[in-house]
Amino acid sequence: MLVAQALIVEQRLAGISATLRPGEITAICGPNGAGKSTLLACLAGLLAPDSGSISFGGAPLSSLHPRERARVIGFLPQTPEVAWDVTVGTLVALGRLPWQGAPLSRAAAKPEEDTAAINAAIETMDLAALRRRVVQALSGGERARALVARVLAGSPRWLLADEPLANLDLGHQLALLGTLRKLAREQGLGVVLVLHDLAQAMNFADRVLVLAEGRVLADGAPEEALAEQIIAAGWGVKARWLGEPGAKALAAAG
Amino acid sequence: MVIAVPLSLLAGRVWIDPFDPVTPNAAVILTELRLPRALLALCVGAGLGAAGAAMQGYLRNPLADPGLFGIAPGAALGAVLSFWTGYSAAPWTLPLFSLAGAAAAMALLGLIAGRSGGVALFTLAGMMIASLAGALMSLAISLSPTPFAMSEIVTWLMGALTDRGWHEVWIAAPLTLAGLVLLRLAGRGLDALTLGEAAARSLGMEPRRLQALMIAGVGLTVGAGVAVAGIIGFVGLMVPHFVRPFTNRRPSALIVPSALAGALLLLVADCLCRVLPTVSELRLGIALSLLGAPFFLALLLRMKRGLV
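Each protein sequence line maps, in turn, to chains A and B. Sequential numbering from 28 applies to the first sequence in the numbering used here. Sequential numbering from 5 applies to the second sequence in the numbering used here.
To be clear, the hints were calculated from the coordinates, so they are not data collected in a lab. Don't take every hint at face value.
Chain A stretches covered by chain B per the calculated footprint, using a threshold of three residues with CB under 8 Å from any CB of chain B [as the list claims (entries may be wrong)]:
| # | stretch |
| --- | --- |
| 1 | 194 to 203 |
| 2 | 206 to 213 |
If you want the ones that stay clear, here's a sample from chain B, every Cβ over 10 Å from chain A, calculated [said to hold, decoys possible]:
| # | residue |
| --- | --- |
| 3 | M131 |
| 4 | A134 |
| 5 | L197 |
| 6 | T198 |
| 7 | L199 |
| 8 | G200 |
| 9 | L207 |
| 10 | M209 |
| 11 | E210 |
| 12 | G296 |
Because the structure is a prediction, the values reported are computed rather than measured. Backbone N, C-alpha and C define an ideal beta-carbon position, used for all residues, glycine too.
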């Protein structure tokens with residue numbers, strides 16, 4: 028089992044301080060403009076925080092070489108692009124780029140490790156039958172699976188995804204969340220998701236970080252962090268939770 | 005290429021029969037005219053092909069062309085200035101002026117766009133430099149000191165490999181080779197860019213490093229090409245499209261094959277120009293544009309139907 032080090036966030040967007048733990052699904056929730064995507068981009072090392080720091084394994088994230096960072100943290104942007112008519116197999120193989128040195132550098136890739144990681148990612152996301160299909164010709168659900176497989180092929184210890192459930196139907200949403208939960212439990216993958224669907228955050232996340240106007244409004248287990256009074260404070264919506272734990276739904280109230 | 009190179013040595017106004025060695029001056033024609041010309045065609049074609057493939061990968065656009073960066077117009081402006089000042093008489097000065105023009109365009113590009121490493125600003129800066137160099141070129145032509153200089157400039161701009169010798173090969177070959185190495189080094193970053201800028205950076209692509217490799221790589225290959233052969237359009241645009249169906253579509257897989265295909269295309273086109281029965285030799289740049297424009301149009305129409 029991989030033991031990943033914690034990602035520690037300090038005082039970033041005005042007032043965020045959090046320690047994210049591997050092996051957990053952390054959902055970042057909040058109204059539009061709360062700073063969710065900014066936080067995720069900072070965690071992925073794409074943006075430098077205005078103040079404060081993000082540390083990983085006792086060292087600032089920014090001190091890692093971009094390639095070293097890319098080997099640890101996999102990132103799926105909000106609107107993933109795929110240029111050229113690449114096949115699913117080629118797309119997933121792109122996830123190995125951080126492990127492949129420049130053609131003339133000493134840190135050459137080990138081809139058998141690359142192949143094993145690519146095959147494992149394709150297996151995990153159930154893409155074996157689609158391997159030779161062109162990504163542009165896939166359905167939305169298949170495409171989402173292929174894009175997640177691209178991140179997993181890089182054998183990251185953290186998977187950060189910005190609204191990975193957008194444009195997916197309910198069946199595909201549940202399947203993707205189930206797979207991510209399995210990876211977190213069995214392989215200790217740290218999963219950080221920006222989620223708009225509070226019910227999915229409630230049912231699948233181990234921990235929820237609620238942001239509002241760049242600050243942490245709540246941080247903790249979903250039942251506490253997404254309590255009805257916090258939804259009222261953060262989103263300005265009166266709502267009530269219905270149903271059993273693990274299968275809760277949010278209903279408008281009043 | 006194994007077939008094309010020997011054929012190119014034999015073809016021309018004076019055909020050389022390899023089995024009948026009585027052709028007058030055969031040895032001189034071969035070593036002083038045909039061989040350097042063939043090598044030059046290979047060099048320039050390889051540079052343009054690889055630069056086109058890298059540009060299309062960098063801009064994630066199949067319609068991108070090495071000319072977009074403003075480096076070719078910069079090099080052409082340098083050459084025009086050498087005619088204008090009359091220094092072009094000495095064999096080394098024209099290519100050197102032209103390389104200086106390319107270097108100035110590269111430096112300007114790096115200065116404007118180098119801070120952010122973003123692709124959009126970079127493209128706009130390149131287009132601005134291209135149009136500025138074009139305007140200055142027109143100015144130089146309209147103000148040219150003698151009608152003779154003007155006609156020389158216009159003829160040179162059409163691009164050709166006529167009357168080139170070994171010293172052009174010595175200028176173009178090492179620079180093109182260095183450029184090809186840099187473009188090949190950019191391959192991994194270009195692959196990452198397939199997924200968009202944000203995902204590429206999350207994969208460890210360093211925008212500024214990639215941009216520097218692109219500027220230097222395209223600058224060396226295209227700058228060297230323009231310096232010895234003038235403006236030869238459409239090779240960089242067309243060649244990657246011929247090659248792409250035979251690859252896995254990763255930009256890095258396209259660079260070396262595009263260099264080889266570009267070299268072959270230019271060599272064959274130059275031979276055809278040489279043997280076609282026209283009054284004076286058809287200019288290579290014109291011939292390729294005649295070929296390239298319809299190709300470009302067909303490409304646009306295919307894209308409209310969503311086939312590319």
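Task: Structure versus earlier hints - violations, ascending order - done: 1, 2, 5, 6, 7, 8, 9, 10 and 11
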